[in-house]
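Asker: Each chain, written out:
Protein chains: 2
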Amino acid sequence: MSNEKLTPRNVDFSEWYNQIVQRAEMADYAPVRGCMVVRPYGWALWENIQAALDKRFKETGHVNAAFPLFIPMSFLEKEKEHVEGFSPELAVVTIGGGEKLEEPLVVRPTSETIIGAMYSKWIQSYRDLPVLINQWGNVVRWELRTRLFLRTLEFYWQEGHTAHSTEQEAREETMRMLQVYTDFAVNEAAVPVIPGIKSQTEKFAGANMSTTIEAMMQDTRALQSGTSHFLGQNFAKAFEIKFLDENNALQYCWTTSWGLSTRFIGAIIMTHGDDQGLIMPPRLAPIQVVIVPIFKSEPETAAVMETVARILTELKTTGIRVKVDDRKEVTPGFKFNDWEMRGVPLRIEIGPKDIEKGTVALARRDKPGREGKSFVPQAGLSSIIGDILTDIQKSMLARATAFRDSHIFEPKDYPELTEVVQNGWAYSYWCESEVCEAKVKEETKATIRCMPLGQEESHGKCIVCGEPARNKVYFARAY
Amino acid sequence: MSNEKLTPRNVDFSEWYNQIVQRAEMADYAPVRGCMVVRPYGWALWENIQAALDKRFKETGHVNAAFPLFIPMSFLEKEKEHVEGFSPELAVVTIGGGEKLEEPLVVRPTSETIIGAMYSKWIQSYRDLPVLINQWGNVVRWELRTRLFLRTLEFYWQEGHTAHSTEQEAREETMRMLQVYTDFAVNEAAVPVIPGIKSQTEKFAGANMSTTIEAMMQDTRALQSGTSHFLGQNFAKAFEIKFLDENNALQYCWTTSWGLSTRFIGAIIMTHGDDQGLIMPPRLAPIQVVIVPIFKSEPETAAVMETVARILTELKTTGIRVKVDDRKEVTPGFKFNDWEMRGVPLRIEIGPKDIEKGTVALARRDKPGREGKSFVPQAGLSSIIGDILTDIQKSMLARATAFRDSHIFEPKDYPELTEVVQNGWAYSYWCESEVCEAKVKEETKATIRCMPLGQEESHGKCIVCGEPARNKVYFARAY
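So the protein lines, in turn, are chains U and A. FYI, in this note's numbering the residues of the first sequence are 1 to 479. FYI, in this note's numbering the residues of the second sequence are 1 to 479.
I should point out that these hints are in silico values taken from the structure, not numbers from a laboratory. Incorrect hints may have been included.
From the structure, some residues in chain A lie toward chain U, with a derived Cβ separation under 8 Å [what the hints assert, rightly or not]:
hint	residue
1	Ile133
2	Ala309
3	Gly460
Quick look at which bits of chain A chain U covers, simulated, 3 or more residues with Cβ under 8 Å [said to hold, decoys possible]:
hint	segment
4	28 to 41
5	396 to 404
Since this is a predicted model, take the numbers as computed values, not measurements. Just so you know, even glycine gets a beta-carbon here, dropped at the ideal spot from N, CA and C.
Let the sequences and hints guide you as you build the complete structure.
Answerer: In structure tokens:
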């Protein structure tokens, strides 16, 4: 039940987000600190995200598998940077079957180490390469400050882990998966992400290079929405992942890893939602169309419900995800609010007058009020609706892109940078020194989100220190 | 690589099983005791099992969600039988984020308790009922003797958890899901299971009544392959799952739970496999058809590969899961053995002579040697192959059913029972006393697998004690 008004975004964005997640029944707090329950409506969205990504993974030659939840503590310690990065966040099993374990087991925070151990067993020859495996599953990181979807102790994700015979191939794989994430985010979720490279400070613990897709939320904060890492030979050396090359020489593999998690649901909510609730991008929406029948008297009911049933069947047949809300105990107005809260892209209202005229009333979720309303004939409805859903998807991407672009600034100097990052992103030259990076973070809370790909060769001066710089980066406060 | 001969089933069934799982690359031992890695070929089978079940769950009105991996120890203790059943098998997290936890967290062995806690929060009124939620995930039970797929510390499964306003509705749900499992096992996996009710001794810890589907493996041992439990109001009372009924009276819900796990992969292997390896039921097979091109000279290669490419496209278009094995470094004979080990239902061989004649050679996996070979025209191939796959599915079910039925005996007295359960199942009257049940178990290692459904009303004498009995049960040694 969700007819209570949300706290508006401009009053308290954080509170608005928390309310939406709960009232749209996307997720709930679990009775274990920092853990979440993903409710059926939220999980249905995740299933659609999974399907859209999995299709892309398989098209690029990957297969799925499942590796253990538990990792011996000693495995994590084999890669120095990796264990330093993750050890503060570990959940540790010390008792099994009533007895204290000789070696504690870590609940996986990520699986490079256990998968590395298996790859070292499976890979013998260049003929076994590349190995292109993905895993859908849960991981645990002991976070102190948690928020539903954005940061929870346990979360759901996919993690791809690949092994290659050459550095070039592994680098290509890293960029290929970054491209897959970008394509997914833009074309399925209507989230206009910016792909780019992480600074050394912000990279994954154990990687040579990390790449990311960064999205701007409506409070202008950045959300890291997916990452793809080039791991060099770091894990191959730690876990002895070696192969005999074509000349019979023993070599270490080159590996990558890449992941996207339920955090992405937070990106969808905070990119598209408004003060009435969620707005789901049609391509991922669990319910694309909701039909609300409207009637007062008994004879009206029968006629309306007959038409509703016919339209339901017609839409289902064309593959549209549609639901009829025939609840008796609540009014149509209540239902409108309810489905607006849940972000269903399109509503169909069918009443006695529509039966007479052979029409239905449509209401677009992305355009509130009269602007989004139209009356269309029942004949050919599924094709009309298909077109409108396509248009909603397009409009959502256009609106989010316009919002993002109008909040990216190119400050002329450092004082201006410190201002613009309070309500937007700064796109500025950076000299690649960690000192300048740290100074910005300390003084503004903004971090380097990424160095975007495809920059033309250019020369400028670091926005912080004025030294020569070759690349621009985005500075922003982030989730 | 799998051209080594398997230990034959009649020499050492257990060794045969272990070899198949590894050589067909279904699963591997993890470096953590008792845990497994499900390799891509095994996981592809599990994905097909998931799809076939998930479709049936959704058709019967269920939705998916995700509940936390961790359960506070105190939750398990709320249902007395439940904690007694599971406490010897628990993995316990005692350290999180570097600190000792105030309350240890159990890694879920099953989720009745944590889901019960959420249901008590979500369910207020009869209008919220029924709640019909399923979860796909991993669970952990600290088993001492483990075997890949059959019994591992961590395994993958689905667990359905439903809440209802009446006892009758919950009982109906329990039986509906037993029927869903039966339908899946018989019609998708060609595993002729027997659905029935568990004895009180064998039921789920915390249930009023447990039902099961029991399958006979080729060593005649029984494998419990899926279970559906009527939980009465036990968990509703332990977790205060209450609702206001239509008369505004507060009542406890009636709940059920039901699960099927990666153990079912073991059932498929041990029902259908032969001394050459796995035999996959076509409806679930990750690869239904493998094409092996055959050629010696260069000009032959081009012609053969052109036809192979055309047939590949044709079969894919009709939705057949097909793979071309164009490896250069191994012979066709090696490939035949390799795909036989992996149980691909149908092999197509295409050589220069086939190009001349416009034919291909087919080899059925379920009928070794000449019997399973045929030569068919390339024209209309996909329809021919569709028919053959249907026939393989049917033959596999018929063969497994015949094997099962020829190993079910109705012993005339107890001494005969003790004999037949050494190489089969005994179907006998039982007086429902735990003493008789325990005697059989102690003296023969056979347990009561189930009391099958749909028995006609009858009267007999208990095979153990001779007292009056109303129902027959299956006694068998089990996995």
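Asker: So, for every hint listed, does it hold in this structure?
Answerer: Hint by hint, here is what the structure shows:
1. Hint status for isoleucine 133/A relative to chain U: holds, with the closest Cβ pair at about 6 Å, below 8 Å.
2. For alanine 309/A, the suggested interface contact is broken, since its CB lies about 18 Å from the closest CB of chain U, more than 8 Å.
3. About 42 Å separates the beta-carbon of glycine 460/A from the nearest beta-carbon of chain U, more than 8 Å, and the hint is not met.
4. Only residues whose beta carbon comes within less than 8 Å of a beta carbon in chain U count, and the segment 28 to 41 of chain A has 10; three or more means the coverage holds.
5. Beta-carbon proximity to chain U at under 8 Å applies to 0 residues in the segment 396 to 404 of chain A; the threshold of 3 is not reached and the given coverage is violated.
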